[in-house]
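J.: Sequence:
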Amino acid sequence: MSRLIVKNLPPYVTPAKLKEHFERRGAPSGTLTDVKVSSKPDGTSRRFGFVGFKSDQEALAAQKYFDRTFIDSTRISVQVTEGAKGAPAPRPNKHIQVSASATLDGKLEEFMKVMKPKKGPAWANEAASQPPVISSNDEAMPSPEPEQPQGELSDLEWMRQRMSKAVDEKEQVFEQSDDDEPQLKASSTEPAPEPGTSKDPTKETILETSRLFVRNLSFACTNEELADLFKPFGEISQVHIPLDSTTKQHKGVAYVTFARPANALAAYEALDKKSFQGRLLHILAAVDRRPKVEVVEGEGRKKTVKDEKAAKRKAVAGKEFNWSMLYMNSDAVASSIAARMNIDKSDILNPEAGDNAAVKLALAETHIIQETKSYLESEGVLLSSFSSKARSDTTILVKNIPYGTTVEQIRELFEPHGTLSRVLVPPAGTMAVVEYERADEAAKGFRAVAYRRLGNTIIYLEKGPLGMFSDSPSSSQAPELSTKVTGPSTAVTPIRTSDQTLNDDENGEQSIHGGTTLYVKNLSFATTQDRLTKVFSHLPSFSFARVQTKPDPKRPEARLSMGYGFIGFKDGEGAKKALKSMNGFVLDGHSLNVSFAGRGTEDAKTRDTTGSSSQSRTTKMIVKNVPFEATKKDIRDLFGSHGHLKSVRLPKKFDSRSRGFAFLEFVSRHEAENAYATLRHTHLLGRHLVLEWAEEAEQDLDVLRKKAGVGYGGGKALPGQKRKLDLGTTGEEDVEDLEA
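Just so you know, the sequence shown maps onto residues 16 to 755 in the numbering used here.
It should be emphasised that the hints constitute simulated quantities derived from the structure, not laboratory data. Glycine included, each C-beta is placed from N, C-alpha and C at the ideal position. Some hints could be false.
To be verified - BS3-like mimics (lysine-lysine), calculated; alpha carbons at most 30 Å apart, straight line: (1) K565 - K478; (2) K218 - K289; (3) K388 - K536; (4) K55 - K288; (5) K661 - K635; (6) K246 - K661; (7) K388 - K565; (8) K661 - K639; (9) K635 - K595; (10) K218 - K288; (11) K214 - K246; (12) K478 - K263; (13) K289 - K266; (14) K289 - K55; (15) K32 - K51; (16) K459 - K246; (17) K635 - K592; (18) K639 - K324; (19) K34 - K79.
Claimed, not checked - Using C-beta positions, here's what the derived DEER-type ranges look like: (20) K321 - K595: 57 to 63 Å; (21) K565 - K22: 50 to 56 Å; (22) S662 - K595: 42 to 48 Å; (23) D603 - N23: 45 to 51 Å; (24) M577 - K321: 18 to 24 Å; (25) G470 - Y270: 32 to 38 Å.
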């Protein structure tokens, strides 16, 4: 739908003139992705051409505007074309076909001679010598060879000369050995392979690699747009658009990798030679990526299990992660706290100090996490995005780094693989956030740095959540960061909430509360922030409108819309009214899809856990993934530091070992919410504590009754009672309960 065919063009029209005609003043605005005028082999125009647009709406608007209009004095016809079938077939060259068929077909030559007009008397043609015509089905008789004088022959040679050749061929069948006979039968009975049943090597390669090579793409195409095109066919593992290393421009090709081979084959069959953003896609089978050459230290060294596990872990880096977003190295946490308090690290981990070392380390980690979250919020990071499953292609979370890691060290690791837009290192120096300008450079940096050793630890990398930053990075950000973390002995004060609020006020953007922000998607790429503000500004309690943008690969100083944005209101009532009135509103040819943003939705299931903690209706909490070595005293000491506990229950097995979860009850709901928000990212003895709100006691009893009823027939078939089987006359079985 995004490609137009223009017929009845003047013979002198060139692609440049056709492009100028479609971009003239007064025409509908649109981005031209392809302009082509079809020509004959001799270079003359076939008087039709193709024009491609970036979107279907732009193509339809241009078709309505230019159809049955004039180029000079020639009226053109503009129609929508789908794929390669819309182009008219070239006219056949009759002279070439007749001459070729005449040389191949003898019957046609004979017919042409017979049908020639007579140029003389009839008897002259009849008397003319006709060349002998030999049928293709009849075999020519061999000419007899002249007999040569023969000498004396033996009886065997004389008999062999007089034996028939046909008889020799028939006898040859019966003289075959047992090994050759099956081959002869198979060759004689096997039918000739039909051309339609031959296997397609392209499809076989796709079924082996699950990878497609897509070319003739629009130079304005992005990874997200290409992923949206192939996503309906199945799960996509990777979308890669190569860029030129010097100009950083799109090459017009891409690689799409599917999770399953059948999905890749379905996408190939459905999208090959189809129009996308005004261009005809040409899809081929892509081979597997070349395996990396592994350098083994020491010649002839046998690979250990540890080396194989490390190589396998590095190969699948970036695919699956089970860590917490704010995971920190325990040694780095202890070093950070020891440096701040001017004590030795051994004093924190001393088991003879009286307090539990594991609990002290968990409390120290909690303090570092709260400080890190405050720092990230002050730098424009949306903590609510951490609960999102969607991952960014340009943001990387650097974890498990040693204490005292500086911005310069992080830059030295990642900058050789691409241009960095920002690097964040919190005051504790236990983690970092790296953002690249381009997705392909971020992928290179991820593969190169994953599981590398930094100091005495191994770096863990994870892709950051999508929409992690609320604004674009400032130019003065890098110098500020380089001075915040200078070394292990630097004492850095944590960022206060008042400082964070002051920074937000200086930026000029009002703070956003939960339930007052709307998420607007399916925006037209031509919709600007001023246009969006003008549409929503008449609504009550309107605060701001923002369109998410990204850098333009063609013009670095400009920015492109990402197709979605956010609308802020001063109160929740205004946001709800705007949601009801503006959902489905058509703006610039696009129907808007409006919903509550992730930080404030009416659906509790989609809320961030920080928002859901304030909506708790109970003081009871379930703690999952508790280490088996942890005792009830450890749980009480850890959670008791953030609120008064009424009871702590740690269920055990029959052998007195912990079952891996605990039940807590706080004195007040406020203390329970405070403990939930503070300890939700904490690790105890290396395990991430998973916190959930427990149900009310009445609900617990109802659930237990339902479970018991399902297992024992609603109370009729309780365990320990005797049952008697009674077979009635109808053959049905009745179960009667007897008294115990």
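J.: Run every hint past the structure and note whether it holds.
T.: Verification of the hints:
1. K565 - K478: With Cα atoms ~18 Å apart, K565 and K478 stay inside 30 Å; holds.
2. K218 - K289: 18 Å, holds
3. K388 - K536: Judged against 30 Å, a Cα distance of about 28 Å means the pair holds.
4. K55 - K288: Answer holds: K55 to K288 is near 21 Å, not above 30 Å.
5. K661 - K635: 10 Å, holds
6. K246 - K661: Given pair K246, K661 is violated - Cα atoms ~51 Å apart, limit 30 Å.
7. K388 - K565: 25 Å, holds
8. K661 - K639: 19 Å, holds
9. K635 - K595: Violated - the C-alpha atoms of K595 and K635 are around 36 Å apart, more than 30 Å.
10. K218 - K288: 15 Å, holds
11. K214 - K246: The given pair, whose Cα atoms are some 27 Å apart, holds under the 30 Å limit.
12. K478 - K263: 23 Å, holds
13. K289 - K266: 19 Å, holds
14. K289 - K55: 23 Å, holds
15. K32 - K51: With a Cα-Cα distance of about 11 Å, the restraint between K32 and K51 holds, given a limit of 30 Å.
16. K459 - K246: Since the Cα atoms of K459 and K246 sit roughly 24 Å apart, the hinted pair holds (cutoff 30 Å).
17. K635 - K592: At roughly 35 Å apart (the allowed maximum being 30 Å), K592 and K635 break the hint.
18. K639 - K324: 29 Å, holds
19. K34 - K79: Judged against 30 Å, a Cα distance of about 17 Å means the pair holds.
20. K321 - K595: 57 to 63 Å: 60 Å, holds
21. K565 - K22: 50 to 56 Å: Given about 38 Å between the Cβ atoms, the range is violated.
22. S662 - K595: 42 to 48 Å: Since S662 and K595 have Cβ atoms about 45 Å apart, the given range 42 to 48 Å holds.
23. D603 - N23: 45 to 51 Å: Since D603 and N23 have Cβ atoms about 32 Å apart, the given range 45 to 51 Å is violated.
24. M577 - K321: 18 to 24 Å: 43 Å, violated
25. G470 - Y270: 32 to 38 Å: Roughly 36 Å apart at Cβ, these two residues keep to the hinted range, so it holds.
Against the hints set out earlier in the document, violations occur for numbers 6, 9, 17, 21, 23 and 24.
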